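On the provided structure of chain A, position chain B as indicated by the hints.
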Amino acid sequence: MSVFKVLFRIPWHILLLAAILVLVGSLALYSASQGSWQPWAGRHSVRAVVGFTLVIGIAFIDFNFIKKLSYPIFFIAILGLIAVMISGSGQGVTRWISIGGITFQPSEPTKIAVILALANYFSGQPHDRLRSIVWYIPALFIVAIPFALVLIQPDLGTALMLFFGGIVVIFAAGLPWRYVLGAVVMAIAAIPVFWLQLHAYQKARIMTFLSPESDILGAGYQISQSKIALGSGGLFGKGFLMGSQSQLNYLPEKQTDFVFTMIGEEFGFAGNGFILLVYLLLSISILRISFRVKSRFAQLTCIGIAMTVFFYMFVNVAMVTGLMPVVGAPLPLISYGGTSMLTLFISFGIVASANVHDRHSPGEKNY
Amino acid sequence: MERTKTKDLRRTMSRRALFLSGGSILFTSFLVSRLYQLQVAQNSRYSRLSDRNQYDIKIVPPVRGRLFDIKNRLLAGNAESFLLYLTPLYVDDVQKTLIDLAKIVNLSRDLQRDVIVAARKGPSFRHIIIRDDLSQRELARLAVRSPLLNGVSFGKSLRRIYPQGSLACHITGYVSPITANEIDQNPVLAKTPYLATGKVGVELAQEEKLRGMSGRERIEVNALGHPIQVLRDTDARSGEDLRLSIDISIQVQAVEILRRGNLKSVNLGTSEVQSALSKDDDLKAHIALGDDLILRDAKDRLVPPESGAAVVMDIQTGEIISLVSLPMFDPNLFTGKLLTRDWKRLNMHPRKPLLNRVISGQYAPGSTFKMVVGLAALEAGVINKNTTFNCSGDMELGNATFHCWRKGGHGMMNIITALEQSCDVFFYEISLKTGIRKIKDMAHRLGLGDVTGIDLFGEKSGIIPSHEWKLANQGSVWTPGETVVSSIGQGYVLATPLQLAVMTARLSNGKSAVSPSLIKPQNGQQILFPPLNIEPEALSIIQEGMQRVMTGGLGTARKYNLAKSFGGMAGKTGTVQVKRITKAQREKGIVKNIDRPWAERDHALFVGYAPIIKPRFAISVIVEHGGSGSSTAAPIARDILIKTMQAKS
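Order-wise, the sequence lines are chains A and B.
The first sequence begins at 1 in our numbering and counts up by one.
The second sequence begins at 1 in our numbering and counts up by one.
Pulled out of the complex, with its shape left as it was, chain A reads as follows (with noise of 0.2 angstroms):
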């Protein structure tokens, strides 16, 4: 394929709607830090340059090839996961690992390795097993093995996005609907159990949520302060960095977990709007990619990024506006943090792939 024909088939919409997201991130940042590119925002924007040519460069990979790295790429994942685990056998929450100088947190590259190796498994099965549940066991196990071991770490946020990442790739590979709803159901019996399992400061930031001025001071305190700081933005917000919330450090965290507060602190209600918009728009796009390409795996690794990414988006919203629990969720492409970032962008660069080598051949019927 000459370069110019792959060049062409890139998805360049999805690259301008995550730049835009990456613009709102570094100004954001740029304001938390009181009007400076130091220490957030300058890398910020470094990193997402490196993100665009890590897109472009994954488009000119074949897309055959990254099906068959799906299963290697889970098993250096998952050992990945184990090796935080044993480096961190100390007490307390561990979550990044160090590779020659470098740090980072596996539990991030996991979420897109977990889609991938489902993708892979489904597209492998003919298509008369998956109308019997037996097929969907093996598919179970591989959202909860990485689903325990960052949960253990422990990162319920994180966690949790995996898993649903997982199931929404189950789902989307044709789960029939008898076994959705007895799920959903099972889920909810399941809660007593699961919250056995939490750890006191988690299950401290539930009973907070639950109700959040029962300890301002404590868990309570974060929840509180951003509420202040998006509802006193109103409509149109205080002004770039005007924001009185963040600029006097009321509000902890924001340049990563609380940064849609700050958003809206300054921006109000149009700002924090549009930003929603552009995520609807982005994980729509990327849908949409999974109806123009040719195989299994290709689709439902698509559907899967674009859940993901709306997931994202969805748990940090829902989180900051009061409306989940504080689970320690970043707001992709916005918050500082540099492994969310660049997993996003090697999942964009997969779509990316997707789209320029996995294409019906013209004439062929679209189904």
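Don't read these hints as lab results, they were simulated from the structure.
Being a predicted model, the structure only gives us computed values, none of them experimental.
By construction, the Cβ of each residue, glycine as well, lies at the ideal position given by its N, Cα and C atoms.
Worth double-checking, as some hints may not be accurate.
Stated by the list, open to error - Below are the BS3-like pairs computed for lysine-lysine, each with C-alpha atoms no more than 25 angstroms apart in a straight line:
#, chain 1, residue 1, chain 2, residue 2
1, B, K643, B, K71
2, A, K203, B, K58
3, A, K294, B, K7
4, B, K643, B, K520
5, B, K58, A, K227
6, B, K614, B, K583
7, B, K299, B, K264
8, B, K407, B, K592
9, B, K299, B, K564
10, B, K407, B, K559
11, B, K7, A, K67
12, B, K648, B, K564
Said to hold, decoys possible - Which residues of chain A face chain B? A few of them, derived with a C-beta cut under 7 angstroms, are:
#, residue
13, G174
14, L276
15, S283
Just chain B now, with coordinates in the frame of chain A:
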């Protein structure tokens, strides 16, 4: 066919993708409506809150309750200490500031990391405590350099102190900084991470009362976060002060008497002592605890002070007057940051200074158990005051021979003379007739085999064996030989020094099943104990035997009787084999106790009460590997009783 199926599947997947798109739109609208609610509908409310959002809430730690002895002398109190804290708002680079600070005061890497994490969370004008135990020297050094360190300031706080040093260490226990585990169990503690909590002793047992309640302060700040005024929300409530039944003036004497035992003082300065100190590991470990007492034993060897336990108890109220467990440690070491060096010294010490022997040391009671067997036999009607058995020096049972401690035997013995001279064979005989079941019942009624319920954690229950116990724990059937061995308090039988004191208290007061306590009730009301329900006649026979131990012509402790002016005393000696004597050794002639290595020598025990008429105090003494109950433990018990009666009269 296959092709249509594939087509079907593709349609399913596409339909599902469409479903997901619809879901995304739905959920996004849900978020948008939530944002509308917060940012547009409730905007005025949140704007008001934002303007008012100008105060910070600070937790005010409570003052921990103090511990006093019975005469209101301080056992655990609070002393002022200096805090070092950091206000992230005024600090440009927290990490750099911490590195600079570490050059002036002691700051571990872990501590620096904790501060950096704390600085990232919460508003930047809230103080973060870096250290709560600055020394005067560190304070002086900081004061000179503080103009260069923006955002770093000092404050005062309280720190636990134990003014009696190691003297009451096993009673008060100690406090130390909150552990992650405690926070996990009680999340409220997370708000005051610099607070110290009780880890052992009364400090732990009465933690809830001593801790008090944190208060809250609201600090108003201006737009830049500078504090303007402090509004008190809730006052901190101090912990309760507690008065213990311990008398520290008796405690100090008891410690001195027990640790010296029969040993002789030496002059530390001599070159002999100095060279011994550099060679002997036991002496080295002992000196490292900060105690410079070195003694000389009967063979002129240099030895550390005795280890063991002594406990004095009021036989009516159950109040513990003195509780000594040796060796001791300095609880002040734990209140700040415990040095690894100190922790190692305490933990690796061969004689385990952290072990509270009074409640957690389980020893074979030896001959002090004979009162239990005698009482069980009298109550069962197996013997009376005049029943006699002949002691020939040993008793045959099946293939086994059970020896009396006295090789030639004691001749004709009744219960009183058998207690007086501690004849083993007499008790072998009556135990077989009474049976282990009744002996076990009597032991429990006298307080053995169960925890006493004293206000200290880590109490052991000891062991009073029975058929059921052996089946459950050894998986085999009880044999008559084991009844014989149990009758002289050896074999499986184990008791703590506290249980032995409780037993003696119950034997001497004769009426109530008294239990030990350490805390004086505040309203001065007396605790009522359940009745003992033992025949007074049987009890008086046992008491007479115990008096004969001190006064009889052949009494095992006749040399150490309490003078008549104090009203005399009653007691029982016990000498407990730590190592079994084999038949071969017995024939060859037993190596004398004093010539064996320390860890193989017999434990010396004594239990007793005084005065004889209207008894008031019960005592139990154990000297680990101290030799015989008569020559080592009895004089210690007598001397401690003298000091107790002098102080209490």
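Okay, the hints, checked on the actual structure:
Between B/K643 and B/K71, the direct Cα distance comes to roughly 16 angstroms. Compliance with the 25 angstroms bound is thereby established for this hinted pair. At most 25 angstroms may separate the alpha-carbon atoms for a hinted pair to count; A/K203 and B/K58 meet this at roughly 23 angstroms. Distance check on the hinted pair: A/K294 and B/K7 sit about 12 angstroms apart at the alpha-carbon level, within 25 angstroms; holds. For the hint linking B/K643 to B/K520, the alpha-carbon distance of about 21 angstroms falls within 25 angstroms, and the restraint holds.
For the given pair, B/K58 sits about 21 angstroms from A/K227 by alpha-carbon distance, which is consistent with the 25 angstroms threshold. A distance of roughly 46 angstroms separates the Cα atoms of B/K614 and B/K583; the hinted pair therefore is violated under the 25 angstroms criterion. Restraint check: the Cα-Cα separation between B/K299 and B/K264 comes to about 11 angstroms, which is no more than 25 angstroms; the hinted pair holds. Between the alpha carbons of B/K407 and B/K592 the distance comes to roughly 15 angstroms, so the proposed pair stays at or under 25 angstroms and holds.
Among the hinted pairs, B/K299 with B/K564 is inconsistent with the structure: their alpha-carbon atoms are about 33 angstroms apart, more than 25 angstroms. With a C-alpha separation of about 22 angstroms, the suggested pairing of B/K407 with B/K559 holds against the 25 angstroms cut-off. For the hint linking B/K7 to A/K67, the alpha-carbon distance of about 22 angstroms falls within 25 angstroms, and the restraint holds. Restraint check for B/K648 and B/K564: the C-alpha separation of about 17 angstroms stays at or below 25 angstroms, so the hint holds.
For the restraint placing A/G174 at the interface with chain B, the shortest Cβ-Cβ distance is roughly 4 angstroms, inside the 7 angstroms limit, so the hint holds. For A/L276, the shortest C-beta to C-beta distance to chain B is roughly 5 angstroms, which falls under 7 angstroms, so the interface hint holds. Contact between A/S283 and chain B, as hinted, is supported at the beta carbon level, the nearest pair being about 5 angstroms apart and thus within 7 angstroms.
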